[in-house]
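Q: Could you put the whole structure together from the sequences, leaning on the hints where they help?
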Amino acid sequence: MGVLRILGPSGDTRVAWDPADLHEVDDVRRRFDEIIRDGYLVFELDPETKEGSQVRTFEPGVRELRAFRPLAGG
Amino acid sequence: MVRRLLGSLLGPDAAEQDAAWRRAESLLHDSLTTDQYAAYRTRGYVEVPSPGFPGRAYRIDGWRPVAVYEQGQFVGAVCIRPREHIPGPDILLARKLMIEGAEPEFLRSGNWLQPAWRPAGAAPTLFLVFALLSPWLLHLRTLGPWGILAGALLLLSPALLAWRRRARRARVQHVGAPPGAAA
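Protein chains in written order, with this note's numbering: chain U, 1 to 74; chain A, 75 to 257.
By construction, these hints were calculated from the structure, which means they are not laboratory data. Quantities reported herein were computed from a predicted structural model and do not represent experimental measurements. Heads up, some of the hints might be wrong.
[Unchecked claim] For each label pair, taking beta carbons as the anchor points, the in silico distance ranges come out as:
#1 R56/U x R242/A: 44 to 52 Å
#2 R182/A x S53/U: 37 to 45 Å
#3 Q147/A x G39/U: 31 to 39 Å
#4 L227/A x P70/U: 57 to 65 Å
#5 A226/A x G73/U: 51 to 59 Å
#6 F204/A x S53/U: 50 to 58 Å
#7 G129/A x G73/U: 33 to 41 Å
#8 W137/A x G39/U: 19 to 27 Å
#9 G118/A x E34/U: 34 to 42 Å
#10 S53/U x H159/A: 23 to 31 Å
#11 E34/U x R182/A: 40 to 48 Å
#12 L234/A x R56/U: 56 to 64 Å
#13 P70/U x A241/A: 40 to 48 Å
#14 S53/U x A233/A: 47 to 55 Å
[Unchecked claim] Heads up, incomplete: computed chain A residues facing chain U, CB under 7 Å, no partners named:
#15 D135
#16 C153
#17 H159
#18 R182
#19 N185
Using N, Cα and C, we set each Cβ at its ideal position, and we do this for glycine too.
A: Laid out in structure tokens, this is it:
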């Protein structure tokens, strides 16, 4: 199972998928492309080190994704 | 009723904020290693080595600017915030991920804050202490040799403290990396 967690004002929104379910994968891909178009940054977490690496295209095989709107100078 | 009338003036409901915070805490727990999460619970921040600058580390929390350390020394801070309100633990997570996966963008987007100016060494401070205390120290002569000795000790105490501090710092660097140093 893969999971995309989108950070927001009331906590994160969770989108999960089964890589074997093509219908589900298509739905998540559409959602992923939508948030990328909206300017969100998406990072894949390394399962061991939990280190983030930025991704711009959706791969159904990934386990953990985090997405949030870009940060700005304060 | 009051809430409905005043609407946005009151801001989000406290219970909603608590729920959002709990979700963000849970997400942070799922997104950090056990050690990182333990450090966050104990110290309130997570330390992340810079992927692009050897010897640099960032100390991240969800409310203050991100502190930047080089070879264990504080060199400044990066002020960077989300454009919409998100709970503190989510801010921490977003900052951490940006540093790890998009450090150049993190540095470009944030505002760099220099540390406040301070003398580079102990000499200016010692001079100032000496200048302020000298009339009083000269007056100690009237108490005889013990007065002169006490005055000399007082005069030397900042130098002794500075020497002890430097020796302790050298020992820490010799034994291992100081808490702020990157791997």
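Q: Each of the hints needs a verdict: does it hold here or not?
A: Okay, the hints, checked on the actual structure:
1. R56/U x R242/A: 44 to 52 Å: holds, 48 Å
2. R182/A x S53/U: 37 to 45 Å: The hint (37 to 45 Å, Cβ to Cβ) is violated, given that R182/A and S53/U are roughly 18 Å apart.
3. Q147/A x G39/U: 31 to 39 Å: holds, 36 Å
4. L227/A x P70/U: 57 to 65 Å: holds, 58 Å
5. A226/A x G73/U: 51 to 59 Å: 52 Å Cβ-Cβ, so the 51 to 59 Å window holds.
6. F204/A x S53/U: 50 to 58 Å: Holds, since F204/A and S53/U (Cβ atoms, about 56 Å apart) stay within the stated range.
7. G129/A x G73/U: 33 to 41 Å: About 24 Å separates the Cβ atoms of G129/A and G73/U, which means 33 to 41 Å is violated.
8. W137/A x G39/U: 19 to 27 Å: Holds, at about 24 Å.
9. G118/A x E34/U: 34 to 42 Å: holds, 35 Å
10. S53/U x H159/A: 23 to 31 Å: Holds - the Cβ-Cβ distance for S53/U and H159/A, about 27 Å, lies within 23 to 31 Å.
11. E34/U x R182/A: 40 to 48 Å: violated, 25 Å
12. L234/A x R56/U: 56 to 64 Å: Distance hint for L234/A, R56/U holds at roughly 59 Å.
13. P70/U x A241/A: 40 to 48 Å: holds, 46 Å
14. S53/U x A233/A: 47 to 55 Å: holds, 51 Å
15. D135: violated, 13 Å
16. C153: It holds, given that the least Cβ distance between C153/A and chain U is near 4 Å, below 7 Å.
17. H159: holds, 5 Å
18. R182: violated, 9 Å
19. N185: Since the shortest Cβ distance to chain U is 4 Å, the answer is holds.
Comparing the model with each numbered hint stated earlier shows that hints 2, 7, 11, 15, 18 do not hold.
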